[in-house]
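Undergrad: Here's the letter readout for the chains.
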Amino acid sequence: MSTATRETVAGRVGDSAVRPDAALKVRGEFAYSSDLFADDMLWGATLRSPHPHARIRSIDVTAALTLPGVYAALTHADVPGENRYGLDHRDQPVLAEDVVRYQGEPVAVVAADHPETARRALDRIAVDYQVLDPVVDAELAMAEGAPVLHPECPGGNVLRHVRIRRGDPEATAEVVVTGEYRVGMQDQAFLGPESGLAVPAEDGGVDLHVATQWLHVDQSQVAHALGLPPEKVRLTLAGVGGAFGAREDLSMQVHACLLALRTRRPVKMVYGREESFFGHVHRHPALLRYEHGADRHGRLVSVRAEIVLDGGAYASSTPAVVANAATLGIGPYQVPNVRMDCWGVYTNNPPCGAMRGFGAVQACFAYESQMDKLAERLGMDPVELRIRNAMREGSTMPTGQVVDSAAPVAELLRRVRDKPLPPPADPTDPRDLPGGVANTTRGDGVVRGVGYGVGIKNVAFSEGFDDYSTARVRLEVLGGEPVVSVHTAAVEVGQGLVTVQQQIARTELGIARVTVLPADTGVGSAGSSSASRQSYVTGGAVKAACERVRDTLCALAATRLGREVGLVDGKLVTADGAVAASIADVLGDEVIERTVEWRHRPTFPLDPLTGQGNAHTQYAFAAHRAVVDVDVELGLVKVVELACAQDVGRAINPQAVLGQIHGGSAQGLGLAVMEEIQVVDGTVRNPSFTDYLIPTIVDMPPMVVDVLELADPHAPYGLRGVGEPPTISSTPAIVAAIRAATGRALTRVPVRPDDIALAGSASRPVPSRPEVPCD
Amino acid sequence: MIPFDYQRAEDTRSAVATVTARPGAAFLGAGTNLVDHLKLGVAAPDLLVDVSHLPFDMIEPLAGGGVRIGATVRNSDLAVDPVIRQRYPMVSAALLSGASGQLRNVATTAGNLMQRTRCPYFQDVTTPCNKRRPGSGCSALEGYHRDHAILGASRHCVAVHPSDLAVALTALGAVVQVEGVKGARSIPIIDLYRLPDDAPQHDTVLEHGELITAVDLPALPMATRSTYRKVRDRASYAFALVSVAAAVDVERGTVRDVRVALGGVAHKPWRARRAEEALRGAPATDDAFRAAAEAELAGARPLRDNAFKVPMARNTIVATLRELTRREEP
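The listed protein sequences correspond, in order, to chains A and B.
At position 678 of the first sequence the residue is numbered 678 (our numbering), and the sequence of numbers has no breaks.
At position 289 of the second sequence the residue is numbered 1064 (our numbering), and the sequence of numbers has no breaks.
Calculated from the structure, these hints are not laboratory results.
Note that this is a predicted model, so its numbers are computed, not measured.
The beta carbon of each residue, even a glycine, is placed where N, CA and C say it ideally should be.
Heads up, some of the hints might be wrong.
[Unchecked claim] Facing chain B, from chain A, some residues (calculated, C-beta under 10 Å):
| id | residue |
| --- | --- |
| 1 | Arg431 |
| 2 | Asp444 |
| 3 | Met674 |
| 4 | Val679 |
| 5 | Thr690 |
| 6 | Leu693 |
| 7 | Gly743 |
| 8 | Asp755 |
Using the sequences and the accompanying hints, generate a full structural model.
TA: Laid out in structure tokens, this is it:
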């Protein structure tokens, strides 16, 4: 018996374990889905509608098929299963039938021996369109008499209406501020456009290698459209270049499989950047009307709000986004009287769905703008006002749900407020000034402003959804050393989930060598890499599977050794702490493998009339302080510093946590000052990274970040989802800072130079609100 | 993309002859703009004659005290050239405020001048555009036109010229050297570019097959005190909403001479002659600058969504002149 000191393996929970993909990505050697290759493969291409709304009289692919090198040209008539897919409900055709409802809607697909041949084949497909007037205004789409875009939808163009009623909806207050706010359409702007490779299989099925966010939800939709049983549609995750919600819906998945099954050849599809803008959903543009009532001490009495989200042509995840915007739309505040109505609406604009923040982003811009307005009206400090109304553990949401773990809203605000302010800009370094290296400003007319924002987000899926993940953990001895392999279908989108799984296995089993197998549908569903949920849910599943493996190992050891032992730091240890055996000694050639389906606490639907219900399982919070310099003559903004404080429950990988906070804040900065898909009459006018602007290193300032770790007793390791909260509060903080510098009202994001400083700039006309039907 | 032939030009004469003889031919420089247009279907030449390696890569002094910039000098090289930086800082500043480092490393001087508008309708072949398809109409008039012209536009086209370099060269009064089948000619840059009128398909007065071989900068001593300011939606890698190239000569608080050109406001780089006239002999004060700017912009005819460009241009002119004159008068 040995009593030697035991070594703790590195790379456990709480360590900034090194990511296996980090060096590869930095060196440009990581294999993304667009790098996939197979011998004899064909290239697929998609014919898309140039019109946002049109009737299709006929489609003729004959001329495409006569082009040498073309192997297939398919339309809706070639879809063997039901020609429908969709996340929430299946309302979207794989290939358009008699109507196209948005610009860029797929109409036909071709496969050819070269991508250029495939593109030329598209030019030979004749589509006879009868162009229809597009429905492009979400409020008008709700009105009586608007053309109905989906006749099967019971609410007309209203896809979902969530109403929340709490307290006295007619409550009056001493001080009332109202505001109307708008949020433009933001793109996820991931780096790796949609791509994948479909390989026909001998069993009549297909193997699809693809960059996605949720393998199993893809699998079920693809199988449904192909008319195949799910087991004949096998998905393997290919290298993902970012997602942010844009890969939740299908893009080329069914198309590539259709072409592969038709041609009996592997078919690769890769979108270019322009096509990518039409290949995925975007963040919902929103119109938000708020009325905040408070007593003269600044205590909130009531909030009344109406939010209209433009869902675009198909449902995607709009119903869930509507619920989020509604349930989180009052913000992290205690408000006794609430009346909230939120609508998601069909139009002929590009379909909108999941994007980091998922409905909470739009609402936060509005309610935080309102809090600043209220503070100004009351003559109060905006942080003080927020702290006075801040939600805390034990507070009740407008849905009646009690927040039953840490909700350090006031603490987060105090932390960002109390950070030292950055020094004045160096007027000799243009990089520090508004306009950056274009030499735009010499410091004349530059005014500094400081603003705050705090936000709330739900973690994981809500409203009674059966949200779970599956992990298979295997322990064996290889070369005399114990080795763990972890197999899940959870998608690494770049957030560091592979590393998190390794860290959890090392922590639970004390074994250094942990292999995370490629994610595929050979194991049960992991749910989506979205809603800030994977560390929680797949992390929970891996932890639980490791515990089962550990229990089995200990039972086996007890049988072999004749006494009770536990597993401590990778060794089998008796009750007195002495090492009884190594894993290799006990296990020998045996393999222990356990698969666990793990669920977070259940959630419940919202009452359709009152919006009451325990709809969410966990809440997460972040606060930002933004410091900006504004050239008020030219309308240019330089964000000088972003400070963020966020509670993450437990930082599983501290470096990855910081990465999420930095990246999320940058995405919020983009929405604040530059990012917007310009849609005119249903058509996208800036589908490129030259014309759709995302922040560069010159725009994104250094960050000061405080990470709090207040454990949630309900979550594995006490962790709290990290990815979304920083995206939510950075936008209103930046806009508040610009308001502080300029005195302008700034009710719409992104804020652009024309909105800030310049008299005579045209304001956008706001249509008056039509009567809206209730579903 | 439509199939095309590719030829590497052997010399200027043959390149010019080849392109002139073939209506569907085009010159290829670095391709940073043209190749995009090939992909989008905006341009469909049947022959590309590559002139990027022709021996026009020198920056040389001219007899009269000016400087000749070869047509194939790369934007990056031009921007850091010591003579350019010292004598024509606005040229350097304009180049460095445009595109990205990668693009500037390959883009040529002539290619920069010949780049085409970033109007979204020009780039979207499914929409009407008189510049791309004469007679089809202008989609920007009633569509997306926040980035478009406020000066000199017509009902046929409201696009703006995208080059930063050309704005600085217009302020300087540069002269473009051109080679054609009928021989060489010199065109002041102010005359090189056209207003759209009823033929916006023509950005310049160049005939098909004419090739820019060099750009000559005049001596212009006051250009040592010049700069270029660019206002845009993002701090790097974005086109100008408004830009100003200016040089000023001030003596004892009075403007002796001045050059001002605007970018992002018209179909061509806009030489602000009215502002210049108003400023000559005027005191170097904000009020005079503002009055001069307003004189120039009195003719502005903004569209529904770009009225902001008028005050933005005014403020940028004032700020640029203020910076230059403050620098000059210690």
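Undergrad: Would you mind marking each hint as holding or not holding in the structure?
TA: Results of checking the hints against the structure:
no. : hint   : in the structure
1   : Arg431 : 8 Å, holds
2   : Asp444 : 6 Å, holds
3   : Met674 : 5 Å, holds
4   : Val679 : 9 Å, holds
5   : Thr690 : 7 Å, holds
6   : Leu693 : 5 Å, holds
7   : Gly743 : 16 Å, violated
8   : Asp755 : 8 Å, holds
Consistency note: the structure conflicts with earlier hint 7 alone.
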